[in-house]
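**Student:** Sequence:
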Amino acid sequence: MNIKYAQSCLYCYHPSLNIGEAHAARFLLDRIEPSDGKILEQYLTSGYNKGSCHPLMFNGSAFLGTESGTFRLALIFANQVMALDKDGKVYPYLTLNSRNWVSEDDLKEFGFRSDHKSLAVLFSRRKALGMSDFMESEKYILLSYMQGFSRSHILYDKAKECAFVVRRLTDDL
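Per my numbering: the sequence shown = residues 224 to 396.
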């Protein structure tokens with residue numbers, strides 16, 4: 224479970240919790256009132272993560288770094304980064320379109336289980352997954368993801384509206 228404080232509320236990402244009838248739809252993200260723990264809103268059904276709610280497929284912090292009061296969120300199989308706006312609403316922020324990104328059919332094809340052997344199969348098929356290391360400036364967005372057994376990085380130039388995929392970053396300053 225991950226918890227992020229933003230805009231006077233707690234946002235709780237829970238890949239496999241199923242607490243009471245309120246979670247029958249398998250929501251992955253809750254907005255919670257900190258004073259009494261009441262769930263105010265729920266977002267992102269398991270379909271956002273290609274139907275997966277497996278706790279072992281939890282890739283560390285789903286919350287990606289941003290300025291105070293907002294957040295970005297990406298789950299291991301999702302090809303979309305979600306964002307929290309200043310009004311407390313969660314919305315799609317960016318989408319990676321790639322024929323190599325893991326699909327729900329890929330997960331169903333070999334009976335995806337909640338173990339690391341299943342991840343090894345995805346890696347051996349060179350499937351892309353697991354966005355992380357999100358950084359954003361006025362001009363650029365940089366994020367990482369796994370494809371096969373390698374980490375790749377995307378640098379998106381906002382002004383030119385184009386993206387570059389690179390295998391390695393070097394601090395040469």
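Some hints could be false.
To be verified - In silico DSS-like cross-links for lysine-lysine, where the CA-CA straight-line distance does not exceed 30 Å: (1) Lys331 / Lys383; (2) Lys227 / Lys261; (3) Lys381 / Lys362; (4) Lys383 / Lys362; (5) Lys312 / Lys227; (6) Lys309 / Lys227; (7) Lys381 / Lys312; (8) Lys309 / Lys362; (9) Lys362 / Lys227; (10) Lys381 / Lys309; (11) Lys312 / Lys362; (12) Lys227 / Lys381; (13) Lys261 / Lys331; (14) Lys383 / Lys309; (15) Lys309 / Lys261.
Because the hints were derived from the structure by calculation, they are not lab data.
**Student:** Would you pick out the hints that fail for this structure and give their numbers low to high?
**Tutor:** Hint check: 1, 13 fail, others pass.
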